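A.B. asks: Residue-level listing of the chains:
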Amino acid sequence: MDLNLKATELRLGLPGSDEPADQLQSSSSHVKNNKRSCSEIDGSCQKQESGAPAQKAQVVGWPPVRSYRKNVMEQQKKPESDGSGFVKVSMDGAPYLRKIDLKLYKNYFDLLKALENMFKCTIGVYSEREGYNGSEYAPTYEDKDGDWMLVGDVPWDMFITSCKRLRIMKGSEAKGLGCL
Amino acid sequence: MAYSFPEEVLEHVFSFLSSDKDRNSVSLVCKSWYEIERWCRRRIFVGNCYAVSPGIVIRRFPEVRAVEMKGKPHFADFNLVPEGWGGYVYPWIAAMSAAYPLLEEIKLKRMVVTDECLELISKSFKNFKVLVLSSCEGFTTDGLASIAANCRHLRELDLRESEVEDLSGHWLSHFPDNCTSLVSLNMSCLGSEVSFSALERLVARSPNLRTLRLNRAVPLEKLANLIRRAPQLVELGTGAYSAEIRSDILLNLTEAFSACKQLKGLSGFWDVVPAYLPAMYSVCSGITSLNLSYATIQSFDLVKLVTQCRNLQRLWVLDYIEDSGLEALASSCKDLQELRVFPSDPFGAEPNVSLTEQGLVSVSKGCPKLQSVLYFCRQMSNAALISIAKNRPKMVRFRLCIIEPRAPDYLTLEPLDAGFGAIVENCKELRRLSLSGLLTDRVFKYIGTHAKKLEMLSIAFAGDSDLGLHHVLSGCESLRKLEIRDCPFGDKALLANAAKLETMRSLWMSSCSVSYGACKLLGQKMPRLNVEVIDERGPPDSRPDSCPVERLYVYRTVAGRRIDMPGFVWTMDDEDSGLRFS
Numbered sequence: 001m002d003l004n005l006k007a008t009e010l011r012l013g014l015p016g017s018d019e020p021a022d023q024l025q026s027s028s029s030h031v032k033n034n035k036r037s038c039s040e041i042d043g044s045c046q047k048q049e050s051g052a053p054a055q056k057a058q059v060v061g062w063p064p065v066r067s068y069r070k071n072v073m074e075q076q077k078k079p080e081s082d083g084s085g086f087v088k089v090s091m092d093g094a095p096y097l098r099k100i101d102l103k104l105y106k107n108y109f110d111l112l113k114a115l116e117n118m119f120k121c122t123i124g125v126y127s128e129r130e131g132y133n134g135s136e137y138a139p140t141y142e143d144k145d146g147d148w149m150l151v152g153d154v155p156w157d158m159f160i161t162s163c164k165r166l167r168i169m170k171g172s173e174a175k176g177l178g179c180l
Numbered sequence: 001m002a003y004s005f006p007e008e009v010l011e012h013v014f015s016f017l018s019s020d021k022d023r024n025s026v027s028l029v030c031k032s033w034y035e036i037e038r039w040c041r042r043r044i045f046v047g048n049c050y051a052v053s054p055g056i057v058i059r060r061f062p063e064v065r066a067v068e069m070k071g072k073p074h075f076a077d078f079n080l081v082p083e084g085w086g087g088y089v090y091p092w093i094a095a096m097s098a099a100y101p102l103l104e105e106i107k108l109k110r111m112v113v114t115d116e117c118l119e120l121i122s123k124s125f126k127n128f129k130v131l132v133l134s135s136c137e138g139f140t141t142d143g144l145a146s147i148a149a150n151c152r153h154l155r156e157l158d159l160r161e162s163e164v165e166d167l168s169g170h171w172l173s174h175f176p177d178n179c180t181s182l183v184s185l186n187m188s189c190l191g192s193e194v195s196f197s198a199l200e201r202l203v204a205r206s207p208n209l210r211t212l213r214l215n216r217a218v219p220l221e222k223l224a225n226l227i228r229r230a231p232q233l234v235e236l237g238t239g240a241y242s243a244e245i246r247s248d249i250l251l252n253l254t255e256a257f258s259a260c261k262q263l264k265g266l267s268g269f270w271d272v273v274p275a276y277l278p279a280m281y282s283v284c285s286g287i288t289s290l291n292l293s294y295a296t297i298q299s300f301d302l303v304k305l306v307t308q309c310r311n312l313q314r315l316w317v318l319d320y321i322e323d324s325g326l327e328a329l330a331s332s333c334k335d336l337q338e339l340r341v342f343p344s345d346p347f348g349a350e351p352n353v354s355l356t357e358q359g360l361v362s363v364s365k366g367c368p369k370l371q372s373v374l375y376f377c378r379q380m381s382n383a384a385l386i387s388i389a390k391n392r393p394k395m396v397r398f399r400l401c402i403i404e405p406r407a408p409d410y411l412t413l414e415p416l417d418a419g420f421g422a423i424v425e426n427c428k429e430l431r432r433l434s435l436s437g438l439l440t441d442r443v444f445k446y447i448g449t450h451a452k453k454l455e456m457l458s459i460a461f462a463g464d465s466d467l468g469l470h471h472v473l474s475g476c477e478s479l480r481k482l483e484i485r486d487c488p489f490g491d492k493a494l495l496a497n498a499a500k501l502e503t504m505r506s507l508w509m510s511s512c513s514v515s516y517g518a519c520k521l522l523g524q525k526m527p528r529l530n531v532e533v534i535d536e537r538g539p540p541d542s543r544p545d546s547c548p549v550e551r552l553y554v555y556r557t558v559a560g561r562r563i564d565m566p567g568f569v570w571t572m573d574d575e576d577s578g579l580r581f582s
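Residue numbers (full-length UniProt numbering), protein chains in the order written: chain A, 1 to 180; chain B, 1 to 582.
Chain A with its partners taken away, still in its complex shape:
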């Protein structure tokens, strides 16, 4: 790349150097005096390589939507084409899935009782500390972000708008979710 720096009137750089910018180029191997080198500091100094694949994890401030708008969109339900709150429910070990309409239930208690009835199992009682520890099964759900969450942590209204599907996990597997 030839920026033709000599042609620019303003010469910036250390005295005696011809290509001032070169000296300032990021390079993790270049260490002056006693300071820690860039590479030793938790990788936060690493020069971003162009063409590096973008990470799937959410990037701060992207897409550029203001917080107020983001919050409003999360609160408001998306228009459902069939006007229902039907979600699939799977249970570990069961041969086929079921579907239930979340809109029919007023709270977690009603929902869990219905699930227990439908699958002939015991889910038990939710506690913030222990999850559903102690019971055979634990109800989990996939939220709008694609994450698997424990049923019961968030307010009911928030739950029904963010729940995409349900999965009743066997107690042994659910231990990972219950004990945080």
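None of these hints come from the bench; they were simulated from the model.
Given the structure is predicted, the values throughout are model-derived calculations rather than measurements.
Watch out, some of these pointers could steer you wrong.
A short, non-exhaustive set of chain A residues, derived as facing chain B with CB atoms under 8 Å [unchecked claim]:
hint: 1; residue: Y68
hint: 2; residue: V125
hint: 3; residue: R129
hint: 4; residue: D145
In silico DSS-like links for lysine-lysine, alpha-carbon gap of 30 Å or less [said to hold, decoys possible]:
hint: 5; chain 1: A; residue 1: K70; chain 2: B; residue 2: K264
hint: 6; chain 1: B; residue 1: K222; chain 2: A; residue 2: K106
hint: 7; chain 1: A; residue 1: K70; chain 2: B; residue 2: K304
hint: 8; chain 1: B; residue 1: K222; chain 2: A; residue 2: K103
hint: 9; chain 1: B; residue 1: K390; chain 2: B; residue 2: K334
hint: 10; chain 1: B; residue 1: K390; chain 2: A; residue 2: K103
hint: 11; chain 1: B; residue 1: K390; chain 2: A; residue 2: K70
Where is the CB? At the ideal position from N, CA and C, for every residue including glycine.
Go by the hints and put chain B onto chain A.
C.D. replies: Below, chain B alone, put in the same frame as chain A:
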């Protein structure tokens, strides 16, 4: 001996000059014109509150009546500027309270405003008329109560998109019974419910009320009563647009709307129940501005409404409108000048609606006056961009956000250089541009070559090397604001074009490759720039000079370094200079 007009005559002539540019030119003609002009300048605009100090402004312009000012950089809207960065308006209010007792207007954008400020405003300026706080923060509803209670001649109170700590809705009741001067009230950003009867009485006693933007908490059932008391409204922002479906509410609302013969602008529309949209049909033919960007309703319902607004000039809508809806828009609304399409599900991995580049192409084809676009979508092609560019050579603002960073042309898998290149080449009046998608240094070469009127450029996840930045800084003659994030731009281009930065308002670079050493050098060599490093990892001195900084904000100033920086902001000083303007 030079012939000259008496001062009063010149002053009278200058009073016809409203633009700052013209007044600035007039000031440069000769010393006496400078003097006359400065005494009769009534409005000042400070694009960056740190570019100048209250003292300097007051010394030069002693008779100001209206102040407009901006604080934080634009990327603060997207959480890229940490809390506590700055933009405090208090020093300005304090200075002006003493110097400008006749001040009538204060308009602020992205500034930190405290209740103390609001109280000071309400008590210092006897003739205070207009307060606009756009995207501001730092105050509570108590501050609003002071304004309501003490500003006897208040005409405008506009809190658009500000973050207000909502302690209660009681503030509205502080407007005294003899306050009848209100022309514009925008409280759409507030959460709490205000006393409806107080609101009703306020509206009823404000015959000049033209703009009323309610907040979400004002229920639809009560909207009719409010509108009935203000049939002269020109702009209305509804509250939540939902209620159980009852014919009496619908009838009431329909009648109320039909009395509003002057209505030109509509907004609000949270929680829309489509059954209530027909209440507005009678006013649609007069509507020029429609903000449906919170209306989560389907394309079908959106189209029914929008296609009745034949005189529509500005539409803000969610991507629920889909390509089909935009095509209908293009057929019906031939006066359309501005279109903004917001994403309903910005973080979803998969598209949730059928909105693609086609929608924008349709509108660009069908709407001959289209000049301002903000469009969020999930796919784009060079062909589409070239088509848009050729259809609309008069485009002035073009902001495209392809949701996935570095997304290529979905048809050819190539970068979108050619498409954006066509935009800048064809649209010679382009003043604002936001890029997205996969872009190489080539697009910046096109921009530097063609975008001669470009004033603001936003770049994210683009470019290959410093050459990209160099093209922009060396080519874009009218550039005032440049904001860049996550691009491989570093020291070379920045230092080679340092002088350019003095011709611009500001430069923002975050998550790029600018080293601390380069920042120091820039600060040392350019005394009239403030070079601020924003780094939350601790003092940049504790890392090698070659280490890139997290964020860099560079702006020209005649006020010297600022004194209100938080712990994570460092100014790169001009160590040689001892003289600082105060």
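A.B. asks: Each hint needs a verdict: does it hold in this structure or not?
C.D. replies: Right, here's what the structure says about each hint:
1. Y68: Check passed: Cβ of Y68(A) comes within 6 Å of chain B, closer than 8 Å.
2. V125: Not OK, violated: V125(A) not within 8 Å of chain B, min 33 Å.
3. R129: R129(A) check fails; min Cβ-Cβ to chain B is 30 Å, beyond 8 Å.
4. D145: 7 Å, holds
5. K70(A) x K264(B): 27 Å, holds
6. K222(B) x K106(A): Distance of about 28 Å is within 30 Å: holds.
7. K70(A) x K304(B): 26 Å, holds
8. K222(B) x K103(A): Roughly 28 Å between the alpha carbons, so the hint for K222(B) and K103(A) holds.
9. K390(B) x K334(B): The given pair, whose Cα atoms are some 18 Å apart, holds under the 30 Å limit.
10. K390(B) x K103(A): 49 Å, violated
11. K390(B) x K70(A): 34 Å, violated
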